[in-house]
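J.: Given next are the chains, with one letter for each unit.
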Amino acid sequence: MNLASLLLVSALLFGIGLFGFLARRNIIAALIGIELMLNASIINLVAFSRFGHTDAAAGPVFALFIIAITSAEMAVALALVVSLHRKSHDLRLENLTKLRDVQ
Amino acid sequence: MNDSLGWSSQASLWILLLPFCAFVVNGIFLGHRSPKLAAGLATLATAGSALLSICIAIPLLQVKFLQGIIPWSFEWLQIGIENSPQAEFQISMGMYLDGLSLVMLCLVSFLSFLVHFYSLAYMQEDKGLGRFFTLLPLFTFAMLGMVAASNLVQIFVFWELVGACSYFLIGFWFHKPSAIRASKKAFWITSFSDVFFLAGLLLLAVETRDLNIAHLISAETIQQLLQSPGFWGISRLSWAAMLLLIGAWGKSALFPLHIWLPDAMEGPTPVSSLLHSATMVVAGVFLMARFTPLLQNSQIAMTVTMTAGLTTAAFAALVACFQWDIKRILAFSTVSQLGYMLFALGCSGAGLLAYQASVFHIFTHAFAKCMLFLCAGVVIHSIHFNDLRKMGGLGKTLPLTCIAFWIGVLSLSGVPGFSGFFSKEAIVQAAWNSSYHWQAVTAVMVGGISSFYLARLALLTFHGPTDQNQSKLSPSKYKESFVWMTPIVILAALTLGAGWLSHQWFEKQFYIKLFDSLSLGENHAAAPAALVYVAIAVAGLGLLLALAIFRGPRRHKLPTWSHPLQNGLYLDTLAETMYQLVFHKFLGPLFYAFDKWIIDAAVNSCNQIFHFFARYMRQWHNGQVQRYAFVSAIGFVFLFIIAHFFLTQSGMR
Amino acid sequence: MRDILFYLLAFSALASALLAVSLKEVLHAALALMASLFASAGIFLLLHAELLALAHVLVYIGGVVVFIVYVILLTKPEGETRKKNWQLQYGLAGLTVLGFLLLLFFSVPWKNLSNQKFNVNDESGSLTEAGLRLLTTSDSGFILAFELMSVLLLMALIGAASIAKKSDSDLDSVQSDLSKGKSL
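Protein chains in written order, with my numbering: chain L, 535 to 637; chain Y, 882 to 1534; chain S, 114 to 297.
Keep in mind that a hint or two might mislead.
Here are a few chain S residues that sit away from chain Y, every Cβ distance over 12 Å (derived from the structure) [stated by the list, open to error]: (1) 115; (2) 125; (3) 138; (4) 158; (5) 161; (6) 167; (7) 170; (8) 187; (9) 240; (10) 248; (11) 249; (12) 262; (13) 264; (14) 270.
Below 25 Å or equal to it, Euclidean Cα-Cα: the simulated DMTMM-like pairs (lysine to aspartate or glutamate) are [stated by the list, open to error]: (15) S:230 to S:163; (16) S:189 to L:624; (17) Y:1271 to Y:1206; (18) Y:917 to Y:1007; (19) Y:1057 to Y:1206; (20) S:278 to L:607; (21) S:137 to L:628; (22) L:621 to S:138; (23) Y:1466 to Y:1453; (24) Y:1057 to Y:1006; (25) S:230 to L:589; (26) Y:1057 to Y:1007; (27) Y:1277 to Y:1206; (28) Y:1057 to Y:1453; (29) Y:1065 to Y:1453; (30) Y:917 to Y:1006; (31) Y:1065 to Y:1206; (32) S:279 to L:607; (33) Y:1466 to Y:1476; (34) S:230 to S:116; (35) L:632 to L:607; (36) Y:1065 to Y:1268; (37) S:137 to L:607; (38) S:189 to L:628; (39) Y:1065 to Y:1007; (40) S:224 to S:116.
Read the hints as simulated data drawn from the structure, not as lab findings.
Heads up, the beta-carbon is just placed ideally off N, CA and C, and yes, glycines get one too.
Bound conformation, chain L alone (with noise of 0.2 Å):
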């Protein structure tokens, strides 16, 4: 276990979760993949704390703030799955284009 072999899990982590996010249809599919890549960044936080002259404190605090955000970020993301579910019952990524200009 070195941090080349943690950055390697890290970004092969989120490149998974770019291909879900980029690929996936289903609303709630590409939110995973959204999951998998700031899971991938936090992994790299908490690998570059722990290696080298850094503040090794700080990786792990500032991991806990992503995982807030991110929590955040998937409530009101599941909320807005709930209330799009109740409007049209299609969760399909691809139907939803309603901000798009007129063309």
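Since the structure of chain L is already known, use the hints to place chains Y and S on it.
T.: Here is chains Y and S on its own, set in the frame of chain L:
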């Protein structure tokens, strides 16, 4: 000299400014709103201009001019680097007054005033009255500016302005396709020759570096030009003179570039009158007269001038015999007389006499031709057509016009006592004196033909049986009102008396500094008196022949052999065909293709490129979050690559 | 021993993450996400970040993923329906991710990184120190961020409640649905 001018140096400016002010005021304010007021203003302005020029000219003309005076001038342009005398080139504008320009100023402004006055009546019912009286003062201004110019560039500028004005005025009735054609034709042909004028101007500019007229026609300049090596076996001086001559060629309607002038009658008759007498066509002769010192030092240019003049005179006279249109005959007559003037200038190498005769002929011809056109205007206005075959017997209804017309005819025919006689005799004598014997004889013969066709014109118009077409018109249509007839009567008086009054002055006082040692004409044998008698006899013969043929019953068929002459040796057709070939068949498609495939294609392809990209880019803006995320991710990747590349490059890693 | 544990955890985190993005049924994907997050928490424990591991399990798995599962159950989302251009979307996403990863692999100086020493003893990453750091007002303290975070969480709470709340028109339609005998 300038001190003695006194008030007139100030006043001379106003000769030019008055018509120009009329143009500006009419063009901006009065032309649309109150055309009547515009007409009055224009007439008043030209009257003032005429009055001023006569008042200034009369005291000055008592002086024998060896050098022109410049009452005012200002620097107009400075070309080249300052403080380096080699590269500096100044163009000034001003007035150059000598015998020639004074005579021309008086002539132009006075005739212009009369034509303005006449137009008050002639154009009063026209819808374009305001426009007419905007353009006519401008026309006058342009010509005045040209004849008084103190710099060759100024001559060129006003020369082109004259051309542009004649374009507008010939095409005045722009709803008539023929008028548009005629104006375009006039513009094309004169512009074609203007190119050569410009070339000559540039040659002189390069050679002398000072285009002031006083400098150009000074002995030193001519010496310098004579000494500088020429090319293709012709001296620079000859090149310059010839190029200027070609410039004058189109403007003065010399054969074979005369073809625009007979068509130019499509304009209103007052315009024709002014254009034929004192403004447009005389510009070319004026230019050559102005540069006689150049011309007379170049044997080639002189020979060309003389030949062109004589050919034109003979050709146009012959063609005029076979025309049926009253204005067309007068137009060809103008061409013929212009040929005379140029012919005289071509003889001027041998002496002062020919130069004087040429300017004298400009002077006398202008009155007669102006009047003839005004008379034709009266005729046309009263019967509303200008075909000679339908005319006849108008002398009874238009007696005053008839008398004036005959005075003009006799004057141009060279009947003794009328002013045309003096100038024509002067020309023939000058040619004979310069040892151009057969040319002089030809000129006399052409005079005979002139008298024939002019008499024919007068006879067919005013005498003989009345045509049934015109008898249908009510007699009240024929009118010789005061405004109509005043200019005609004044011009008739001048046509009668001006030659007799002024020929002494032209011979004795009208000088220009010529530099040929032989130029004083003392060594030449005077023309035999017989020449004068022969000329009179030939003119009389022409008149009698016309009387014999056209007094009796009318025959409207011309002999078959005259068809080429009726059609002006088919030069019009030739020019038309060439125009068609060059512009419609060749240049038109070429430019069209260029426009379509290069310019339009460039513009359209810009559009197409963006359209193409837009069509694909648009698909990415479909409102789906994931598409935007894609774009962001790809953009991030690229940004990262760029940043990474630069960081490694600059060693900031 | 730690290395083996790490590799096991890393492998399971990656594998379950792959499952989370590739399983058709969203509920299964959420469960795979849960597994992945557990594995990540294990890695944090290995790195002596106990507080973080705890928070991770509590907030992430106990809060967020459970919330996701609740929403899935509430909304009964259809599984991934592979429509006509799904291959394009998957392909594009794969390419983008591949490009991103390649970029990372070629631009990160891996060798320098692997030389770094593990610098944490038992005290420095501990719960006590993290708690102190979170709540001190000194230069090294995070009290301001902590307080801001609490405000943010409060706002998210209120926002989520207000968004997910049934609006009046929804209530009307629900009432009409109820009157027709339909159940939610």
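J.: Against this structure, judge whether each hint is valid.
T.: Do the hints match the structure? See the list:
no. : hint             : verdict
1   : 115              : holds, 31 Å
2   : 125              : holds, 27 Å
3   : 138              : holds, 20 Å
4   : 158              : holds, 32 Å
5   : 161              : holds, 30 Å
6   : 167              : holds, 32 Å
7   : 170              : holds, 29 Å
8   : 187              : holds, 22 Å
9   : 240              : holds, 36 Å
10  : 248              : holds, 36 Å
11  : 249              : holds, 35 Å
12  : 262              : holds, 26 Å
13  : 264              : holds, 27 Å
14  : 270              : holds, 24 Å
15  : S:230 to S:163   : holds, 20 Å
16  : S:189 to L:624   : holds, 10 Å
17  : Y:1271 to Y:1206 : holds, 10 Å
18  : Y:917 to Y:1007  : holds, 11 Å
19  : Y:1057 to Y:1206 : holds, 18 Å
20  : S:278 to L:607   : holds, 17 Å
21  : S:137 to L:628   : holds, 17 Å
22  : L:621 to S:138   : holds, 22 Å
23  : Y:1466 to Y:1453 : holds, 18 Å
24  : Y:1057 to Y:1006 : holds, 17 Å
25  : S:230 to L:589   : holds, 14 Å
26  : Y:1057 to Y:1007 : holds, 14 Å
27  : Y:1277 to Y:1206 : holds, 21 Å
28  : Y:1057 to Y:1453 : holds, 19 Å
29  : Y:1065 to Y:1453 : holds, 14 Å
30  : Y:917 to Y:1006  : holds, 10 Å
31  : Y:1065 to Y:1206 : holds, 21 Å
32  : S:279 to L:607   : holds, 20 Å
33  : Y:1466 to Y:1476 : holds, 16 Å
34  : S:230 to S:116   : holds, 15 Å
35  : L:632 to L:607   : holds, 21 Å
36  : Y:1065 to Y:1268 : holds, 24 Å
37  : S:137 to L:607   : holds, 24 Å
38  : S:189 to L:628   : holds, 18 Å
39  : Y:1065 to Y:1007 : holds, 22 Å
40  : S:224 to S:116   : holds, 18 Å
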